[in-house]
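Chemist: Each chain, letter by letter, is given below.
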Amino acid sequence: AQRVTQPEKLLSVFKGAPVELKCNYSYSGSPELFWYVQYSRQRLQLLLRHISRESIKGFTADLNKGETSFHLKKPFAQEEDSAMYYCALSGPHISGSRLTFGEGTQLTVNP
Amino acid sequence: DTGVSQNPRHKITKRGQNVTFRCDPISEHNRLYWYRQTLGQGPEFLTYFQNEAQLEKSRLLSDRFSAERPKGSFSTLEIQRTEQGDSAMYLCASSLVTTDYGYTFGSGTRLTVV
Chain R
1 AQRVTQPEKL LSVFKGAPVE LKCNYSYSGS PELFWYVQYS RQRLQLLLRH
51 ISRESIKGFT ADLNKGETSF HLKKPFAQEE DSAMYYCALS GPHISGSRLT
101 FGEGTQLTVN P
Chain L
1 DTGVSQNPRH KITKRGQNVT FRCDPISEHN RLYWYRQTLG QGPEFLTYFQ
51 NEAQLEKSRL LSDRFSAERP KGSFSTLEIQ RTEQGDSAMY LCASSLVTTD
101 YGYTFGSGTR LTVV
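Line by line, the protein sequences give chains R and L. The working numbering puts the first sequence at residues 1 to 111. The working numbering puts the second sequence at residues 1 to 114.
No lab work stands behind these hints, which were simulated from the structure alone. Backbone N, C-alpha and C define an ideal beta-carbon position, used for all residues, glycine too. Treat the hints with care, since some could be wrong.
As the list claims (entries may be wrong) - Not close to chain L: a few residues of chain R, all C-beta gaps over 12 Å, as computed: (1) L46; (2) T68; (3) G102.
Claimed, not checked - Cβ-to-Cβ under 10 Å is the rule here; a few derived chain R residues that face chain L: (4) V4; (5) Q38; (6) Q42; (7) L44; (8) R49; (9) A88; (10) H93; (11) S95; (12) R98; (13) L99; (14) F101.
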């Protein structure tokens with residue numbers, strides 16, 4: 001069965017500092033990895049997906065199959081990045097493309 | 001179409017009562033998912049529909065839970081004989097099967113069982 005682990009429940013950095021939110025996964029097939037974000041009082045929304053190889057709001061994430069990781073990075077954190085971040089996994093052999101989420105990391109960017 | 005809509009936003013019920021939640025997905029989306037989220041946890045999959053067919057149910061979905069999507073449009077999630085452990089945020093999401101896993105989530109229904 002697939003599993004997603006986010007080892008840090010809380011992460012606090014200062015504005016302008018680099019930030020890395022860790023995500024590790026276990027899945028026997030070829031994974032599809034995602035980062036979802038939930039800002040205060042807003043709905044869960046897709047931040048980025050690894051297949052797109054995109055940078056959204058300055059965030060990037062690289063899939064490392066050797067280390068089974070998909071860490072989210074941003075070189076210079078902003079206060080508006082404060083939010084709950086969830087790593088999620090799906091795959092071509094997972095029924096309905098349903099997502100398995102990690103427990104989330106609450107990022108706080110201090111001024 | 002303003003996205004995925006869920007009603008009600010909040011529901012407080014007494015233990016043992018039945019509750020029903022509604023989800024209106026994005027109109028052209030043919031997949032609809034229900035997730036449950038408890039405090040400090042990520043969303044957990046409950047069930048999903050493709051059009052009107054319910055194709056998978058999680059083991060989390062006990063016999064007290066039932067979901068329907070009668071015409072392949074809106075969906076309802078009913079919980080019978082609610083228990084305090086049912087207290088959670090119930091999230092609905094929809095997607096188009098031909099896209100690459102692009103979910104759109106609703107704001108959720110927060111259930112409190114007292």
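Chemist: What hint numbers does the structure not satisfy?
Modeler: Failing hints, ascending: 1, 3, 10.
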